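Asker: Here is how the chains run, residue by residue.
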Amino acid sequence: MRRRLMTAVALVPLVAALGACTNNKKGDDEPAVDTNRQATGAIASDPKDSMGPAPEVPGAAKGGTVTILRQSKISHLDPQRTYSFAGLNASQLFVRRLTNFKDDGKGHVTLVGDLATTPGTDVNKDCKVWQFTIKDGVKFEDGSPITAKDVAYGIARSFDLSLTGGPTYIQEWLADTPQFDTKFDFKNNKSSLPPGLSVPDDKTLKLTFNKAHCDLPFAASLPATAPVPAAKDTGTQYDQKPVASGPYKITKNEAGTQITFERNTAWDPATDAVRHQYPDSFVWQFGADPVTQTNRILADSGADQGAASWDGVDPSLISKVMGDPALKDRIIQEPTPQHYTLTINNQRVTDLKVRQALNYAIDRDGLIKTLGGSSLAAPVTTLMPPSTIGWKNYDAYPAGKTGDPAKAKELLGGTTKDLVLGFQDDATNQALSTQLKGNLEKAGFKITLKAIPADSFLDETKKKDNPWDMYIGSWGADWPSGAAILPVLYDGRAIKADGSNNGASYLNAPALNAEFDRVLAMPTDQQGAEWAKLDEKIMREYAPVVPLYVQVTTTVHGSKAGGLFIDSIFGNLAFSNAYVKQ
Amino acid sequence: MGFFLLRRVLLGALTLFAVSIVTFAMFFALPRDPATAMCPKNCDAQRLERVRAELGLNDPKPKQYLRYMSGVFVGRENCPAPCLGYSYVNNEPVSQTIGRVVPVTLSIVIPASVLWLALGIGLGMLSALRRGTVFDRLAIGFSLSGASMQLYFVGGVLLLVFVYTFKVLPYPHYTPLLDDPLAWCTALVLPWCTLAFLFSAVYARLSRAQMLETMSEDFVRTAMAKGLRQRTVVRRHVLRAAITPLVTAAGLDVGTALGGTVITETTFGFRGLGRTAIDAVRDGDLPTIMGTVLLASAFIVVANIVVDALYTTIDPRIRLR
Amino acid sequence: MSSTPLDAAEAPAAMSTRSPGRAAWLRLRRDRTALASGIVSAFLVVVALAAPLIGVAYGIHPQDTFQEDLDRFGLPYGVAGGVTGTHWFGLEPGQGRDLFIQMVYGMRTSLGIAFAAALMTTMVGVLLGIVAGYLGGWVDAVINWVTDVTLALPFLIFTLAVIRPIELHFYGPREAVPGSFRVIVLITVFTAFGWTTTARLVRGQVLSLREREFVEAARASGARLGRVLFRELLPNLGAPILVAFSLSIPAYITGEAALSFLGIGMLEPTPDFGRTIFRSLNYLQTDPAYVLFPGVTIFVLVLAFNLFGDALRDALDPKSLR
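Protein chains in written order, with the numbering used here: chain H, 1 to 582; chain E, 1 to 321; chain V, 1 to 322.
Because the hints were derived from the structure by calculation, they are not lab data. Just so you know, these numbers come straight off a predicted model, no measurement behind them. Built from N, CA and C at the ideal position, the CB exists for glycine as well. Hints should not be assumed to be uniformly reliable.
Short, incomplete list of chain E residues facing chain H, as computed with Cβ under 7 Å [what the hints assert, rightly or not]:
| hint | residue |
| --- | --- |
| 1 | Glu-92 |
| 2 | Tyr-164 |
| 3 | Tyr-171 |
| 4 | Arg-240 |
| 5 | Arg-271 |
Here are the simulated lysine-lysine pairs, BS3-like style, with alpha carbons at most 25 Å apart [to be verified]:
| hint | chain 1 | residue 1 | chain 2 | residue 2 |
| --- | --- | --- | --- | --- |
| 6 | E | Lys-167 | H | Lys-581 |
| 7 | H | Lys-106 | H | Lys-392 |
| 8 | H | Lys-320 | E | Lys-63 |
| 9 | H | Lys-560 | E | Lys-63 |
| 10 | H | Lys-128 | H | Lys-106 |
| 11 | H | Lys-206 | H | Lys-48 |
| 12 | H | Lys-106 | H | Lys-560 |
| 13 | E | Lys-167 | H | Lys-328 |
Generate the whole structure from the sequences, applying the supplied hints.
Answerer: Structure, rendered in structure tokens:
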């Protein structure tokens, strides 16, 4: 018997020897990531800025394979159906669009023409008619030239409901209604074009809207404007292997496991102001969870030397990564535009004082610790993330680092307020909501936690009559302007029965709605400061949500991977400068 | 024998039908709507309705079931029999998905099961024969600790030690056997060892107990009394009698494992049948769910039939009804 | 006959007058492994039952957070994950809850589910096994087929699919689902899939018992079916049933931990072993104490119950003692 127990007990020292006895001293904490850097954005009007080749990346070499590790697969490769961050950034490898962002990875972006010679001409200076000229020398992977007809075909097919999934800005603007598929039946009219879209000649594309949409050049940077050769359109099967117009083409697609991209020899760098073609191939591998990704890249063996982790360092390993000086040049850490809020259902919680009390009660420091610390999240008190053009910092309800329960209780007038917090039932959100419950209950609230299945969470909260009082919300603007944030999230006129209630705060203030219209009508370069003023006004007068944090991306790459950076628009790995050290 | 097999196969088919009906019924209790999977950010109710009509999700449930099952036997347009449906989540026919993931599961389970059976039963029997010795005690200790550990725990520790810290093995990445046998092997060594350790522990306990019980039977005592050596007695009489419950357990375990060792696959990052099935449930992808469940159940049913057929050859005491 | 039944070696003839239960008990008491594992198991059961009392005495509740003792990565300051006189097992990274009291309550959840599932499974399995084994014929055939179908159904997939709809069905959208409800759901799923082993085992035993004289005698004396099943057969099945029950407990502890691995175990804020261990594995390199404490505890827990079950089987089955 003694021997049996001995065998079992022998394992204990093994685990203990792994260093359970090191002392984590309370010392000076290094400063957190600087999220308050100023973001800038411009639209390049000079055609020279839209011409290639893109400037050489110092130290870059040709050859090698870059591997990107991601847990969940990319749901759509079809450019008209792509909308996830991974899909959007991956699509930069193999499809081009009308316009694209030149990005320095530090928050400074310039919109340039990609397939188009410039980011679009506002023909009548009223933002209702836009014209693009397609560059010479842009080709599909088989060598055939890309014409305006191909871009128009791409836009036309996005009207087909069986090809849903992608952004719907251009379709809705052309059809002048959210029910755009009722205005143009693609299935039966494959050779014609939707209303407002015309191709005067092979090199010219014209979009005519009923209402002014000054943001069209930005919307055109989404792969919805990627060209598709009509003859090769296989409908729902196009997802398997879209025809490439970018520097790489898809050579092997094992759905859900791995996608391989290799050089597209038909891509001409002289026509592309943003991208490069240094590595021989890119491989996306799916299935590894963030802990595995981090461990693999830290181990840095074999092909993993050219690998990068899409999902970022797992919270449980952050201290190991940040604490290892040898890893310093393999870490990429940037704040992102991903903005998280404790969204309040304004239809249910109608008392402004209660919403203000929530803002006073919130313990952002504890929340961030629950998430894994300051390397993964930075507290925010504004409605727009700091990376928005024109952002100004303010704190309408100063709660200190850990919240001000006394002030909150005072606002509640000494009563207890019952609220229901709906949360996604995955592990992170379970921990987050438990943390929030403990936090808010110290401030005079009684919180009921309600688990919602993670996969239907968004659909459920986007229903106007959803039964919850609060839920965690997040928003990543499609381009870094307040116009893609504030009216989208807080304009009450956009509220429908269900479906596209972005933000789900259900705030509807007519005075505010008028303000949105006013700012949207201003020229784009003047809007930045106005949105910042509006941001503060909304918080002070309506407090529709409790701003929590912006996501900080901290990720690692192998010792041979170079040129990777975090894109300033979506806050994820960008590959246009990637190379493998030889 | 032929008649027996026929009966068992018919019964097995009946079982599979029952499984298909229960699975289909169960998953229509799910509130998850496959149409919403296709409409992430900017969808509204009207468009959703139109998408649903496109996918044929508005037909009555029994009709959808019959359509699916007839597809399995006679096939559908663009989909020759056995047609397991088309997955809108993976954008490919289910049979293609399954064709890709089954080799992964087979590669994990079959060698691992050979290992655990050989190791477990061998260890258990030897330790029963050498009852009370040091060998016995060590074997019992091994099997008890194996039976008391968690699979993902062992897997995680092995990964940490062999792959990340000492870099003895590369990160397990599945390569088909025919492409590169060596890579196939090195990738699968850790899952094999983890499964072998945990399962052989169970089988060691089981076979040891079974051996001890059989050895105490009258006929064994008679054989020993007749003067036969222990080795002969074991070989000729004990093994046969002791092995039947082990065969049953092994058949069931291997059959179930073939249906997908979810935890092993998740721990080591393989995309096998189990992982695919779980993801299909999460995505509300009914055709893939049906396909994987039917296949997994088929494995179990076939394993049971094989086990029953083996019974007669092993143990003549069992009369076939 | 003998007045000192404790010393079996002295009077071999006396053994035949002792009841099998008493003999088994004596064998159990003499086996040192059984004693040790029995004491440990009993101790852990007591800890689980007395969780609220321990909480009061310890002074900290499972949901109390101590985030000021966490560094900027969310890891506890100090040695071994923050072990101090106040926090015997240190703190959880992230939320900063006390690990010791989390595990005491987690033990309660795990053992509660395991015991209840083992009990229900055994009851259902015994019932079906006896009926199938004794009655034979088409009843046996049907029960066998149902067993086959149950074995062929994939447990994990069904549990995953069924758990949330059930909760949504029983609780309104604004009502919190209490942890106890999910406990009941888990026990139900375990029972629905787990009765097969016991049923087969019992059926096998009944098949060999039913031709014995005492059963024939009972039948001949006109005993009704129920009486034969439960008054004659059942007591003779006691030993294998008891062993099956006690060995299924560690299996269910492991099974529930496995469900947490897939995210369908107990949800926050209910303390749960499986979830704690699963989460702690990620911290193996950065906070090994967080892995050590729950890992060793669950290992000891499962080991103790396994050892005790084995010892029980050895004690109850005189043939295995030679």
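Asker: Now tell me, hint by hint, if it's right for this structure.
Answerer: Status of each hint after checking the structure:
no.: 1; hint: Glu-92; in the structure: holds, 6 Å
no.: 2; hint: Tyr-164; in the structure: holds, 5 Å
no.: 3; hint: Tyr-171; in the structure: holds, 5 Å
no.: 4; hint: Arg-240; in the structure: violated, 30 Å
no.: 5; hint: Arg-271; in the structure: holds, 5 Å
no.: 6; hint: Lys-167/E <-> Lys-581/H; in the structure: holds, 22 Å
no.: 7; hint: Lys-106/H <-> Lys-392/H; in the structure: holds, 17 Å
no.: 8; hint: Lys-320/H <-> Lys-63/E; in the structure: violated, 56 Å
no.: 9; hint: Lys-560/H <-> Lys-63/E; in the structure: violated, 56 Å
no.: 10; hint: Lys-128/H <-> Lys-106/H; in the structure: violated, 32 Å
no.: 11; hint: Lys-206/H <-> Lys-48/H; in the structure: holds, 22 Å
no.: 12; hint: Lys-106/H <-> Lys-560/H; in the structure: holds, 22 Å
no.: 13; hint: Lys-167/E <-> Lys-328/H; in the structure: holds, 21 Å
Hint violations for this structure: numbers 4, 8, 9 and 10, all remaining hints satisfied.
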